[in-house]
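For the sequence shown, full-length UniProt numbering assigns the number 1 to the initial residue and increments by one for each residue that follows.
Calculated from the structure, these hints are not laboratory results. All C-beta atoms in this analysis are idealised placements derived from N, C-alpha and C, irrespective of residue type, glycine included. Heads up, a few of these hints could be off.
Cβ pair distances, simulated, as ranges [unchecked claim]:
#1 V331 <-> K247: 38 to 44 angstroms
#2 V331 <-> I274: 37 to 43 angstroms
#3 K81 <-> D372: 54 to 60 angstroms
#4 D368 <-> L191: 32 to 38 angstroms
#5 P85 <-> A212: 27 to 33 angstroms
In silico SDA-like pairs for lysine to any residue, Cα to Cα no more than 20 angstroms straight-line [said to hold, decoys possible]:
#6 K183 <-> K166
#7 K40 <-> K99
#8 K96 <-> S82
#9 K306 <-> A317
#10 K166 <-> Q216
#11 K289 <-> T344
#12 K272 <-> C251
#13 K272 <-> T239
#14 K40 <-> K289
#15 K99 <-> K166
#16 K40 <-> G203
#17 K260 <-> D330
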Amino acid sequence: MQKSIWALFFAVIIALGLHAEEFNKMAIGEPELLQKGDEKAYCPVCGMSLKMFYKTSHSVILKDGTAKQYCSMRCLAADWKSIEPQVKQIVVTDVKSEKLIDVKSAFYVVGSKVPGTMSMVSKLAFAHEADAKAFATENGGEVMNFDAAFAKAKASLNDDVDEFVKKKQKGAYPMGEKIYNAKCQKDQIHLHDFNTIAELKVGLKKTQLCGAVNEQELQAVSLYLWEVVRLEAHDHTTTIHVEKDEKCPVCGMFAYKYPKWAARMNYVENGKQISHAFDGVKDMLKFYKDPAKWGNYTKHKDAELKILVSDYYTGEAMDGQKAFYVVGSDVMGPMGKEFIPFKTFKSAQTFMKDHKGLQVIEFAKIDDALIDAQEK
Numbered sequence: 001m002q003k004s005i006w007a008l009f010f011a012v013i014i015a016l017g018l019h020a021e022e023f024n025k026m027a028i029g030e031p032e033l034l035q036k037g038d039e040k041a042y043c044p045v046c047g048m049s050l051k052m053f054y055k056t057s058h059s060v061i062l063k064d065g066t067a068k069q070y071c072s073m074r075c076l077a078a079d080w081k082s083i084e085p086q087v088k089q090i091v092v093t094d095v096k097s098e099k100l101i102d103v104k105s106a107f108y109v110v111g112s113k114v115p116g117t118m119s120m121v122s123k124l125a126f127a128h129e130a131d132a133k134a135f136a137t138e139n140g141g142e143v144m145n146f147d148a149a150f151a152k153a154k155a156s157l158n159d160d161v162d163e164f165v166k167k168k169q170k171g172a173y174p175m176g177e178k179i180y181n182a183k184c185q186k187d188q189i190h191l192h193d194f195n196t197i198a199e200l201k202v203g204l205k206k207t208q209l210c211g212a213v214n215e216q217e218l219q220a221v222s223l224y225l226w227e228v229v230r231l232e233a234h235d236h237t238t239t240i241h242v243e244k245d246e247k248c249p250v251c252g253m254f255a256y257k258y259p260k261w262a263a264r265m266n267y268v269e270n271g272k273q274i275s276h277a278f279d280g281v282k283d284m285l286k287f288y289k290d291p292a293k294w295g296n297y298t299k300h301k302d303a304e305l306k307i308l309v310s311d312y313y314t315g316e317a318m319d320g321q322k323a324f325y326v327v328g329s330d331v332m333g334p335m336g337k338e339f340i341p342f343k344t345f346k347s348a349q350t351f352m353k354d355h356k357g358l359q360v361i362e363f364a365k366i367d368d369a370l371i372d373a374q375e376k
């Protein structure tokens, strides 16, 4: 009898402990990471650890087979415009089993008492409706499908961003700035070498350019560098300005309609400054190789030309003769196949890998045959 009482007592204690315990978003075992590369353990949008927020993580598999894994539906929503045309499948972690399931079959509990991940409202997925309903009964929230939950995530995106920026301004940014000023080798950190905050985190961790920091410190300094220092620098960069009446001398299109692809060529002829705007690098190269073909224009030596192109990732104007170009990718410009410019070789390599490019080439090595090949 006494053993039965003690057994009942411990059962009650265990049950109470389970109900009182805070919901933990961290993976109990090893999380299933779909991304490749050294940065696979981090969200590419916010840099947070995917293991720490595994129970809210979402992943997309793109048509080219690559995967992107986010800490939350909110970060998926933040990245949606840039990936939507390439998305083949979306999967989410089932809270109960921690297995990845297709979002089309998932049941979401939205708005429970569990805090949201990068959002003011939590969104947790379950493989079975019964599990979702049981969770909602105990923790609150509404059960719905992915489309309804994602619509809410997109609708609240701006408010979520504002709210978490305020939080970071009070905590992560000041901490990151303090670490940056006290520990980091500033002249050795080149932010343009990284395409995502996840890559930056891995870079800082490997090189220890900010010393030996723990995960919280690494996240703080990475956020400060990526969301404050980088964006402030970007605000001072120069983009290629195109007037509304400027037509590309090769195709006749108004170049201002395509600011992402804009290119420009400047030179002096008979003491007069001449400037041509192009709706893409390919047309600029056609003109550069044979200007007389497109009108009463003269061929100039490279030293007499100033060529500007737009870095694909940043939109920053840069010296076209020093840029690295990816050809043969699955990204099309205004005139179809395009020479896509990057400031660094590493950025060009990353893009080529992500978008099935055929090669990275320098300006001086681009010949007529390669230009003609982009017309086919």
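We went through each hint and held it up to the structure:
1. V331 <-> K247: 38 to 44 angstroms: violated (24 angstroms)
2. V331 <-> I274: 37 to 43 angstroms: violated (30 angstroms)
3. K81 <-> D372: 54 to 60 angstroms: For D372 against K81, whose Cβ atoms are near 34 angstroms apart, the range 54 to 60 angstroms is violated.
4. D368 <-> L191: 32 to 38 angstroms: holds (37 angstroms)
5. P85 <-> A212: 27 to 33 angstroms: violated (42 angstroms)
6. K183 <-> K166: Given that 20 angstroms is the threshold and the Cα spacing comes to 25 angstroms, the pair is violated.
7. K40 <-> K99: holds (18 angstroms)
8. K96 <-> S82: violated (31 angstroms)
9. K306 <-> A317: holds (12 angstroms)
10. K166 <-> Q216: holds (18 angstroms)
11. K289 <-> T344: violated (24 angstroms)
12. K272 <-> C251: violated (24 angstroms)
13. K272 <-> T239: Violated, at about 24 angstroms.
14. K40 <-> K289: violated (43 angstroms)
15. K99 <-> K166: violated (34 angstroms)
16. K40 <-> G203: The given pair, whose Cα atoms are some 13 angstroms apart, holds under the 20 angstroms limit.
17. K260 <-> D330: Holds: K260 and D330 sit about 16 angstroms apart, inside 20 angstroms.
The structure shown violates the earlier hints numbered 1, 2, 3, 5, 6, 8, 11, 12, 13, 14 and 15.
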